[in-house]
Each structure stands twice: as structure tokens, then as C-alpha cells.
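S.K.: Read off the chains here:
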Amino acid sequence: MSAVVARAGGVFWLPVVLAVIAFVLIGVPSSWLTLTVAGLSMGLMIFLMASGLSLVFGLMDVLNFGHSAFVSFGAFVSASTLAALSGWLTSGSLTLEVLALALALGAAVAFGLGAGWAFERVIVKPVYADHLRQILITMGALIVADEVILATWGGVPLAVPRPSFLEGAVIIGDSSIEVYRLFAVAVGVVVYLGLYLMLNRTRMGLLIRAGVENREMVEALGFRVDRLFVLVFMLGSALAGLGGAMWAGYQTLITPDLGAEILVIVFIVVIIGGLGSIQGTLLGAIIVGLMQNYVGFLAPKLSLASNMILMMAILLWRPNGLAPAAK
Amino acid sequence: MSLLSIKDMSVDIGQYSILHGVSFEVQEGGVFVLLGRNGAGKTTTLRAVMGLWKPSPGSVRFRGEDISGLHTSDIARRGIAFVPENMGIFGGLTVAENMVLATASGKFDASRLERVYTLFPALKKFWDKPAGALSGGQKQMLSVARAIIEPRALILIDEPTKGLAPAIVDAMGEAFREISASTTILLVEQNYAFARSLGRDVAVIDDGRIVHTGTMAAFDADKDLQDRLLSLSAFQEDHE
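Protein sequences, first through last, are from chains A and B.
Residue numbers for the first sequence follow the working numbering, beginning at 3 and rising by one.
Residue numbers for the second sequence follow the working numbering, beginning at 1332 and rising by one.
What the hints contain is simulated information worked out from the structure, not anything from laboratory work.
Certain hints may be false.
[What the hints assert, rightly or not] Think about it this way: if two alpha-carbon atoms lie no more than 25 Å apart in a straight line, the pair counts; the simulated DMTMM-like pairs of lysine to aspartate or glutamate are:
1. LYS1460/B to GLU218/A
2. LYS1493/B to GLU218/A
3. LYS127/A to GLU1428/B
4. LYS1385/B to ASP228/A
5. LYS1385/B to GLU169/A
6. LYS1385/B to ASP63/A
7. LYS1385/B to GLU218/A
8. LYS1438/B to ASP132/A
9. LYS1438/B to ASP228/A
10. LYS1385/B to GLU1428/B
11. LYS1385/B to ASP1537/B
12. LYS127/A to ASP1343/B
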């Protein structure tokens, strides 16, 4: 993995450069700190949702436009679990609140694992090596998934209960930083470290990294990449589910459009980060998160366009993204 | 029984027919050289044996078993290693990680690793470096080293001297001589001098068909045959 960092050169300093420029432009340290933490937490939640998509494309060249369905389902499954355990959330017991949160996040992950397996076997497997069909069938699956969500949870925005220990804010100087955002940063960092260790310290991780570079050669060395791909697809779907659950807690009000809204950002992150690279995805997600928050504060009218402009600028500079996997 | 027996193997890629009923047999031990002009079908033959292109119709038998319908990974597990023309190195992985991937258990057999170090000392020196940073010759060494880190019955090697400096080519030749004492090599090569120095048996492919098989010694002695099948006079003049 250090090879990715070495190959990418200084691009991993971009978030720092962005933060320094924003510090100068914003001029108020407390506002800057609040925006920076908000950007980091948003970036790390997007990283959760995008990392699986990047690995799936890198390993098997599969364009999965249905990826955001796992984000949506993760959000709704988690919200429903928390709603079902609302008694625990209002019991005043920290243990029960932590347990309710763990069960809600666990339910989103478990749903992602199971649905990811079924999605790969039924939807994706028949269209390997055919990008046009992949786009059509996964977009179709996304539409079906959105309708299932609509039929199950209805079109009315769903309130997402939060455990009381994640409510409120921490005051640092003149800055007010939401506890939930710090929690999102912590979860994102833990997941990144877990992925890093899995990819760098296990044989499965080694096979995934090699498969992203040259699938054919991995098979010529005696390994079934298609079987490995099922596991990667399940992992990616589970992470998307977890990302959706975290995003639901962050928004506190979710609609069935959640997945479609996040899909564009997820694709931007994967493209600017570089396909197949976890480091690149993390870098892209943090840059997008920071950019969205800084631009939203400095020039709100540009906020919606900022990510598109960012993507165009980066692709003009580095057509393969900031830190793509070696091919 | 021959180690590898290819009978009436044809390969179509898209709308193009690349191989038309290729047949030859590779006996156990030594180096079997597959010669031919550019685009004759040498690389396609190796890839079809490895299961990377599916032959249809025809059969590929390895130690008597028909392997033509097997998945590439299953063919590899039967003891066939592949060193492709582009070397197939994982540039983002270290030399050590490239080597570990070539082992079945994830652990090295100490004596085989020592053999690799003896044949290719540069790999020991750059063991923890990214493979993408190696020179062309070192990448080729790594590609061959991956093929011999586990016991194999047959190694398919595609144009290993392409683009390498003469000194590296000589070192590669020495390594292949040593390897072929215990493992059969099916070598595709454009460098005739290199192929001649190693080969025991030879087949010549032209336009997707085998046009000659025999011993390397007999082929090398017949200049007319070489000229007719490979245009070697022109080739050698080009390289002088």
C-alpha cells in the first residue's frame, strides 16, 4: 500500500493544502474548525459508502450503479431497528443505548452482506465483461430497490432516532462541534484501519490487491478471482449499508431518494480518487467532504456545483484520478 | 505418454480464427521451443493451453488428462506455470508479495527460495521493494522466479528475452538451462540464437498451423528449412 502513496507523490497533502487555503479565506478560526470537522466526518461517511464500489470496479471491472441501493437500505434498516428499540434509547441506560446503536449498525451491515451476495449472484454475475449491460441492469435494480423502499417505508420522510450520548456538541474555544460528527470520524477511521490491515496483512487482501492489478495473472497463479469477487462484493455492500446507517443518523430525516442523491457524490469520489484504490477513495472522500463544507460557507450558490468543478479540475490534471491502483 | 499433448486445437477470438487445428506433443524434460513469425499464433497457443483462451474444437491433454475445459486456476494447480510476454508482474506489490502469491500455502520452501536467490540474486536485493520499480530484466527474473518457487511439471514462457540487454539474456539462458534439468519448459521465442542454445525439440507455427516438428539439432542443421519457415536469413541480417 505504501507503493500507492509513493506512486501518487504529493497528492496526499491536498486536504491539508485545501484546509490551509480555507483557513485564510474564512478568517475565523472557530468557524474554520467547525467546518473542517464537518468536512472530515462527511468525507469519512462517504468513504464508507464509496470504498466497496471502488474495489468492485478495480477487481472485476464491474460498473455497479445499484451500489447506492445498499446505502438506502442500510439507512432504512438501521432507522427501523432504532425505532423498534426506541424503548432502549429512552431508558436512560447507557448500556442499552449503546446496544441499540450497535444492533442498528449491525443490522445494516448484515443486510448489506446478505443482499450483496444475492445481488452479485443474480444481477451482476450474468453480465461480467459487458459494461453496457452492467449499467442497464444495475440501474434497473436501483430503480426496483428504490420502489421496494417506497413500498415498505412509504414516501413520507422517516425520522431517525439518535442515542442521547450522540446528541449535543463539544465546545472547543469558540467552536461548537457536534458529537455525532466526531463519532462518524471515529467509525470512518476504524473502518479504514480495518480495511488497511485486511488488504496489507492477510492473504485475501494480497489477492485482492493483485487481482485489481492483473486479474488474469492471479488466476494463472492458481486462484479463483470470481470467488474472491463475491466476498469483495459482499464486503463493499456491507460497507455501503454501514455508510447509509451512519448517514441516516447524521441527517436524522431520510427519504427513499437518499441513495440516488448520494450516488453522484460516491461516483465523483471514486473517480477522482482513482479506481481500485482504498487510499485514493479515502483521499477523494475527504477532499469532497471538505470542499462541500468550505464552499457551502464561503459561496453557498456554488455549493452544488463545487464537486463537479472539483472532478473536472482533477481529471484534467490526473486523468486516472489522484491515486489509482497500479494496472 | 507425453507430458503435454495438443490435438487439432483451434482458437477463435471474436470474428477472427487465430489457430487452425494445432497439434504437437511435448515430452517430459528439457526445453521445447515453439518458433514462428510475428502473428503466427505462438502466444495464442500458450494462452489456450493455460485456459486463457478456450480452444474449440480440439483437446489439450496434460499427463493424459483433458484440461481444455478447465478454469485457468485449475490448470495452474495441476502443475503448469505461465510466464507471459508482458511478465504479469504486480507492480504495486513488493517482490516478496509477488513471490508469496505464487506459493500454494503462503509460505516459502527454504530450499526453493534459496534456489531462486542463487539463480536471480537481484531479487534478494530488492526483496522488499515495489516490483514496479524493478528494471525490465529484473521483472523478467521475478516472473520466472514465481514460476519455480513451487514444484511445477511444465512452465510456459512467452518471449522472455524481448527487449532485454545481452548480458541479461545470457543470464536468463543460464537460468533456463538449470531449471530445465528438473522442469519441462515450453518456450516461445523470437530470438533464434537463444532458442537454439536451449531447445531439445522444436515446433514451427505459421498462420495458426504447425508446419514443422522435430529435434532442434536437425532443424538447426537444415538452413533451407529455416529460411523457408522463418525467413531466418533476413531475420539474422536485420539483427547483425
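S.K.: The structure should be examined with respect to each hint, and the outcome stated for every one.
M.R.: Cross-check of the supplied hints:
no. : hint                   : result
1   : LYS1460/B to GLU218/A  : holds (23 Å)
2   : LYS1493/B to GLU218/A  : holds (21 Å)
3   : LYS127/A to GLU1428/B  : violated (29 Å)
4   : LYS1385/B to ASP228/A  : holds (17 Å)
5   : LYS1385/B to GLU169/A  : violated (60 Å)
6   : LYS1385/B to ASP63/A   : holds (21 Å)
7   : LYS1385/B to GLU218/A  : holds (14 Å)
8   : LYS1438/B to ASP132/A  : violated (37 Å)
9   : LYS1438/B to ASP228/A  : holds (24 Å)
10  : LYS1385/B to GLU1428/B : violated (30 Å)
11  : LYS1385/B to ASP1537/B : holds (20 Å)
12  : LYS127/A to ASP1343/B  : holds (24 Å)
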